[in-house]
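So you can see what is in the structure, the chains are spelled out below.
2 protein chains.
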Amino acid sequence: MSSQTEHKSDKKLLSEKIKDVRIAMMTTTEPDGTLRSRPMATQDLKAVEFDGDLWFFTYATAPKVGDVEQHQQVNLSYSKPGDNLYISVSGTGQLVQDRQKIKDLWNPIYKAWFPKGQDDPDLALLKVHVESAEYWDAPSGKMGALYSV
Amino acid sequence: MSSQTEHKSDKKLLSEKIKDVRIAMMTTTEPDGTLRSRPMATQDLKAVEFDGDLWFFTYATAPKVGDVEQHQQVNLSYSKPGDNLYISVSGTGQLVQDRQKIKDLWNPIYKAWFPKGQDDPDLALLKVHVESAEYWDAPSGKMGALYSV
Ligand SMILES: Cc1cc2nc3c(=O)[nH]c(=O)nc-3n(C[C@H](O)[C@H](O)[C@H](O)COP(=O)(O)O)c2cc1C
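So the protein lines, in turn, are chains A and B.
Take -18 as the starting number for the first sequence in this note's numbering and just add one per residue.
Take -18 as the starting number for the second sequence in this note's numbering and just add one per residue.
Wrong hints could be hidden among the right ones.
Copies of one chain are not kept apart here, so a pair can be met inside one copy or by any two copies together.
Derived pair list, reagent style BS3-like, types lysine-lysine, alpha-carbon separation capped at 27 Å [what the hints assert, rightly or not]:
{"hint": "1", "residue 1": "Lys61", "residue 2": "Lys0"}
{"hint": "2", "residue 1": "Lys(-8)", "residue 2": "Lys97"}
{"hint": "3", "residue 1": "Lys61", "residue 2": "Lys84"}
{"hint": "4", "residue 1": "Lys61", "residue 2": "Lys108"}
{"hint": "5", "residue 1": "Lys0", "residue 2": "Lys97"}
{"hint": "6", "residue 1": "Lys108", "residue 2": "Lys(-8)"}
{"hint": "7", "residue 1": "Lys(-8)", "residue 2": "Lys61"}
{"hint": "8", "residue 1": "Lys(-7)", "residue 2": "Lys97"}
{"hint": "9", "residue 1": "Lys(-7)", "residue 2": "Lys61"}
{"hint": "10", "residue 1": "Lys82", "residue 2": "Lys(-8)"}
{"hint": "11", "residue 1": "Lys0", "residue 2": "Lys92"}
{"hint": "12", "residue 1": "Lys61", "residue 2": "Lys82"}
{"hint": "13", "residue 1": "Lys84", "residue 2": "Lys97"}
{"hint": "14", "residue 1": "Lys92", "residue 2": "Lys61"}
{"hint": "15", "residue 1": "Lys27", "residue 2": "Lys61"}
{"hint": "16", "residue 1": "Lys82", "residue 2": "Lys(-7)"}
Because the hints were derived from the structure by calculation, they are not lab data.
The model shown is predicted, which means the values in this text are computed figures rather than measured ones.
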């Protein structure tokens, strides 16, 4: 399938496409090599602009954090079947425990997954440094390269 | 998040949940370790029952096939944001070039991605042998183990 490269490093376009979906399936590699994914809510991109990193709340002790410490590469997939929109983001993950950053990114919607709120000492951030991204937005499967560093 | 194990090895439930979404984001590991995903149409589960393997049409020469030959593990994520449904399937991928199996699974909807149809000599199947699966179907993030071999 042909790849269109006119949008390379288009942070704004990537940000707009992700904003539309918000919940990513984050795939990590487990210690035995298994690839596992789970839904994760991306930072509010309306409030905090995309500058090359995507941010997710996590518990510092969560298994996915252990996965990322052993094998940094992650994939984020964003799917909106109703609009035929599919996005693949490749990057590296890193645990961030900066309390100020946690405060800056906190939003009450995260209470659904972190009921103890922003002062929970186990609450942390998983920063994904984006290395490349692509999208598909037509039933025919035409693809666009969105971003690459 | 708590894991509920009452549905272990529930092929029927996994099949029903997947049927509802059909397009998976398939994540593979590239030779340099990058995790990449792309949308892929799962076999028609209304026509061909799930017996532990999921089937996808591919070109035999596609980059994802090369990924899988070097690193068998794949993840399939199925997302239906409108229903708050997210599924993660972990398994191993294998290229299958059996012409009879291609005929059995062929369906005109695949013409969107394989315009030359079922007689295209480069047309092949990617079989994913499912090792485990989980799902999330409530905003609170409660998870169910769906399947494990
Ligand atoms: C909705 C949708 C469904 C797709 N289904 C398939 C499929 O079943 N098989 C396939 O090879 N490509 C399919 N594609 C195209 C792939 O996503 C991808 O662009 C192509 O297979 C090349 O992938 P690769 O370069 O990673 O090997 C689909 C694209 C879209 C948008």
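Looking back at the hints listed earlier, which ones does the structure fail to meet?
Structure breaks hints 2, 3, 8 and 12.
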